[in-house]
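K.L.:
Given the coordinates of chain V, work out where chain X should sit on it, guided by the hints.
Okay, here's what each chain looks like letter by letter:
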Amino acid sequence: MARTIVITSGKGGVGKTTTAAAMAMGLAQRGHRTAVIDFDVGLRNLDLVMGCERRVVYDFANVINGEANLNQALIRDKRCENLFILPASQTRDKEALTLEGVGQVLEELGKTYEYIVCDSPAGIEHGALMAMYYADDALLVTNPEVSSVRDSDRMLGILSSKSRRALQGEEPIREFLLLTRYSPERVARGEMLGLEDVQEILALYMLGVIPESKSVLNASNAGNPVILDQESDAGIAYSDMVARYLGEERPMRFLDPERKGLFSRLFRG
Amino acid sequence: MSLTHDSPVDDRAPSAGSSGVGPAFELKAAAFTLPVIRLLRLDMDAVEAELTPKVQQAPGFFEHTPVVIELSALPSVEEDVGFPQLVGLLRGLGMIPVGVRGGGSAQHEAAKAMELAILADSVKPYQAARETEVKVDELPVTGQTDEPPVGIETGSHLIDRPVRSGQRVYAAGGDLTVLAPVNSGAELMADGNIHVYAPMRGRAMAGLHGDTNARIFCADLQAELVSIAGHYRVSDKIPATLKGRRIQVFLDHQVLRIEPL
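Taken in sequence, the protein lines are chains V and X. With the first letter of the first sequence counted as 1, position 105 gets the number 105 in the UniProt record's numbering; the numbers rise by one all the way through. With the first letter of the second sequence counted as 1, position 66 gets the number 66 in the UniProt record's numbering; the numbers rise by one all the way through.
Chain X with its partners taken away, still in its complex shape:
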């Protein structure tokens, strides 16, 4: 996905120039939100049967999408996961399996043999709060919760209950419309546009998959962060004159613009 939190600058300004004497690369840390396939039991035929229709619903979402295989929900850390078959299945559906999370050492060895990364399992205490949010992002293979849906739905998405601090809502492949307040610490994400018809105090990221034509519309802008296709601006950099107003956010030649409506 295209959102990175790595850059300290507001908008991704075009780089200074191509004089070619500076370093050839920079090493940075970036946080990515990836779909997680959380295996609940070791039945690859069932996984295939359940996953295929989901992919067909939203082919664009899965095309070349890196995914993580989560093993922690499996009943045993000993059993052979059958990575060759699973990886083949995911690749066949267009996804790029990049790593595994959880599981036992034997499973890790098997994953390494398939060139899958072993992703950190434990979270540090200060990350614990973040972790609960990330969990919401897992593909809802089963057990939909009452949390504002984070489904992989092709269509657009409507939320009419307040989005609370720590909650994340993602409308994959469509627009997200919110009729209730979005509170500080909440995150809205959409591959398309985001509309908020109540105070918007959280974060909004439109065009999550890089759609530079996506826009954000707010009836009452008090956001902590707005972002379109990875170009973002934090509250500090949003002019005070725009706060509390009806605005739209869009990209104009790679420059993020916030204008009253």
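Next up, chain V with everything else stripped away, as it sits in the complex:
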């Protein structure tokens, strides 16, 4: 039985797609057969971040409408054979996703996959509800700033009332927090909320802290999920996140400001 993980936030631009790509790639690299679905109809990006935009033939909406079967639409990742991408439709409107259609696709994927990662669009409208409705686990991607924290909080409320598990009175969705674009220097200067502040407000298990890093943008531009860049802080932090999700204990890293002494500058070269 597959576990369906929704990557959500409420707010846009916090790193949902980057996180979905990293999560899916990380799980697949550890040998789990994983599918990642882009729910952002009309504003698809996951294919770019995964570097498969030139291989899209059919999409999620085609599958729901019966114009293509699932295997035709799924794109196998070139770097990892356990990873498959189901792109969103760029041309339809968001109503293309129906609860019934999404349910059927997830059920069919569930027969052969271990993990299904759902990349939710921003907002609390139709697309986001579709992405989270069938979730077993939810990863709340949050930036260390008040508006993002509040939107995540709002999303948690919706998860606990509008998801299938909530509506059918099943065991609630497992909720995790991921703090992205974290800059310890700015936290130290009081310009950003710190880890403890966010955790105090949201009261959730912290799955990881991803430091603000240029490598994220570079990786997205190149179509390589940043988790593949194990030279970068962000890549390492994403690996930790996947490990923690799978139950491993890992200490949090990259929480302290980098020392900007003359020597460290010289020797870090």
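Hints were generated in silico from the structure; no laboratory data involved. For glycine and all other residues, C-beta sits at the position ideal for the given N, C-alpha and C. Fair warning: there could be bad hints in the mix.
Short, incomplete list of chain X residues facing chain V, as computed with Cβ under 7 Å [as the list claims (entries may be wrong)]:
1. R164
2. G166
3. Q167
4. H209
P.N.:
Then chain X, alone, in the frame of chain V:
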């Protein structure tokens, strides 16, 4: 219900005087939270059978309570709702049906014939977020969700999970006790007292039905708004010295007071 958001002043100060030369009335817009009876199928006998015990559980809650009849969940917009029977039933149980929401034009005509108002159905985009909250307020005739319960329970109510932004919890006819944080953008309502034993960052409205003896107790006051029987105060008007402290809020001769415990 007694809570209004219409007044720009903090506490409802006694009006200036009765010299009698000013205008006789003011026209204002006010938002009210009303119970909604959401019809799921057109079986008035079943409605009566299900509703009667609920009313008996909390007679005080339904006594002279305005209610809205929601039609949008009905399978057909054509069918005759049978308003005369429904209105008679609700009145018989002490409620005052004031309007309908949703439904088709034929149903609206029938509702108008019974002197029911037709309430706006569609929400403007900027109200959409608000709408999802209001929905939680509907009488849970069926389908209880996992959302912190908003039931019409006579007894008191205990919540031990965080109350998130956008969630509303209402303890009708009793006290509300919350053991977990109440976050900014969340709303607590109770006909009786409200107790919060964790950071209180949202809104708390006690004495929702006008009980001026209701109080609010917070272990860590960071609230956006506190209100008792409609007398309210927003965060801006709460002295900074009281924030983050153990406090109680009560009404003292129509004046809302916040004092450390």
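K.L.:
Was the hint right that X:R164 lines chain V, CB cutoff 7 Å?
P.N.:
holds, 3 Å
K.L.:
Let's test the interface hint: is any C-beta of chain V closer than 7 Å to that of X:G166?
P.N.:
holds, 5 Å
K.L.:
Classify the hint on X:Q167 as holds or violated, based on whether any CB of chain V lies nearer than 7 Å to its CB.
P.N.:
Hint holds; X:Q167 Cβ to chain V Cβ min 4 Å, cut 7 Å.
K.L.:
Should the hint that X:H209 touches chain V count as held when the rule is a Cβ pair under 7 Å?
P.N.:
violated, 25 Å
Hint 4 alone, counting from the list given before, is not met by this structure.
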